[in-house]
Amino acid sequence: MAKRTLALCRQAPYGSALAREGLEAVLAAAAMDQAPDLLLLRDGAFQLLGDQSPEGIGQKSLQRNLLALPMFGVERVYVCERSLMERGIDAKRIEIPGVKVELVLDTGSFIAAYDTVLSF
Amino acid sequence: MKFSLAVYSAPHSSQSAASALRFAQALLAQGHQLYRVFFYCDGVHNGSSIAAPPQDEFDLVGQWQALQRQHQLDLVICIAAAQRRGVLSEREAERLEKPAANLADGFELAGLGQLADAVANSDRLVTFGG
Amino acid sequence: MTLHIVSKSPYSSNALADCIGTFAEGDALLLIEDGVYALSGRMPEGIAVSPVYCLRADVEARGLTVPASIQAIDDGRWVQLCLEHNPIVSWFN
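Respectively, the protein sequence lines represent chains F, S and D.
Counting from 1, one number per residue, gives the positions in the first sequence under this note's numbering.
Counting from 1, one number per residue, gives the positions in the second sequence under this note's numbering.
Counting from 1, one number per residue, gives the positions in the third sequence under this note's numbering.
Calculated directly from the structure, the hints in this document are not laboratory data.
Think of the CB as a built atom: it goes at the ideal place given N, C-alpha and C, for glycine as much as any other residue.
Don't take every hint at face value.
[What the hints assert, rightly or not] List time: in silico EDC-like cross-link candidates among lysine to aspartate or glutamate, alpha-carbon distance up to 16 Å:
hint	chain 1	residue 1	chain 2	residue 2
1	S	2	F	115
2	S	2	S	123
3	F	3	F	33
4	F	100	F	75
5	F	92	F	106
6	F	3	S	117
7	F	60	F	24
8	F	92	F	102
9	F	100	F	37
10	F	100	F	81
11	S	2	D	84
12	F	3	S	123
[Stated by the list, open to error] Here are some, though not all, of the chain S residues that point toward chain F, as calculated from beta-carbon distances under 8 Å:
hint	residue
13	6
14	40
15	115
16	125
17	127
18	129
Bound conformation, chain F alone (with noise of 0.2 Å):
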């Protein structure tokens, strides 16, 4: 039975690099068929925002990595409920193309599932 990997991804984009390689991450292990699930917990919740426009501070977007999920297989991105509601970001409106975004309310045994967790 192959093994089942989990991408937790912690990090709100832009302030470090670590939501932005996280992803490259996902991406490249994608690319090989070994494509982990994701898992936006805490702060990690904020990549899912709408209308990120971040030439001012001069940096690519982010949303441009989440959009390039579907590409690469990763169909479902999954995102903890209770991280959402303490942020004040409505589950009705985030929209990835391509991609279903999943709520997760038991963090605990959604991760016990897995094989390997690889943080971010």
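Guided by the hints, dock chains S and D onto chain F, whose structure is given.
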């Protein structure tokens, strides 16, 4: 059992890379296998040959190299993260027309696929970040 | 069952709180580096999960003492914990 480590932190900035080295030494001492150490994000600085810590301080780069020689470890530095932060092999320095190369002996530059490969081929993966 | 490794002080980071929020039955918690500052003050009473381990070297380095509810371990036992648990989740931010 087969381990791999992912190291995201630079030496001499936080304790994390030194913790990774200690953990690597401990697991090897117990006879376990270390399939790969993958240096990512600021962790690429662990492979810089031109770091020059004071004599009375811990030389993390040198310790990684010693462990690599002793156990023939696969110490892989993410090439994309390394290019951004200025850790280059002779070949990369030439290709990118940069004035110097600084990749330490015992380390190699490779793509992010090597992280996915480490995940696929190890029983345990431990991440050292922050 | 998951081994959670927390390496940031609970006085300055959400790492420990986030970890405890995802703690499941059968999991274990290991405090390393600045994570061992969770041993200070009344913080240990607030850690509602068990078992909790801490790295002795990190505790001693920082001049902390280990409360009875927490087990201090060496690097060898750390490796053992990683054998006994899977996956291993690091909380470092």
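Pairwise hint evaluation, residue 81 of chain F against residue 100 of chain F, where the allowed Cα distance is 16 Å at most: It holds: about 14 Å lies between the C-alpha atoms, which stays within 16 Å.
Pair hint residue 3 of chain F and residue 117 of chain S, alpha-carbon separation not exceeding 16 Å: holds (12 Å)
16 Å Cα cutoff - pair residue 100 of chain F, residue 37 of chain F: Holds, because 12 Å separates the two Cα atoms, which is no more than 16 Å.
Straight-line alpha-carbon gap residue 100 of chain F to residue 75 of chain F, limit 16 Å: Holds, at roughly 6 Å.
Chain F contact restraint for residue 6 of chain S - C-beta distance below 8 Å: Hint holds; residue 6 of chain S Cβ to chain F Cβ min 7 Å, cut 8 Å.
Supplied contact hint for residue 40 of chain S, tested at 8 Å Cβ to chain F: holds (7 Å)
Chain F contact restraint on residue 127 of chain S - CB to CB distance below 8 Å: holds (5 Å)
Agreement of residue 60 of chain F and residue 24 of chain F with the hint, judged by alpha carbon distance not exceeding 16 Å: Distance ~13 Å between residue 60 of chain F and residue 24 of chain F Cα, so the pair holds.
Residue 2 of chain S paired with residue 115 of chain F [C-alpha distance capped at 16 Å]: holds (13 Å)
16 Å Cα cutoff - pair residue 3 of chain F, residue 33 of chain F: Holds - the C-alpha atoms of residue 33 of chain F and residue 3 of chain F are around 12 Å apart, at most 16 Å.
Proposed interface contact between residue 125 of chain S and chain F, which counts if any beta carbon pair is under 8 Å: At about 5 Å, which falls below the 8 Å cut-off, the nearest Cβ of chain F leaves the hint on residue 125 of chain S intact, so it holds.
Proposed interface contact between residue 129 of chain S and chain F, which counts if any beta carbon pair is under 8 Å: holds (6 Å)
Of the numbered hints given earlier, the model fails hint 5 alone.
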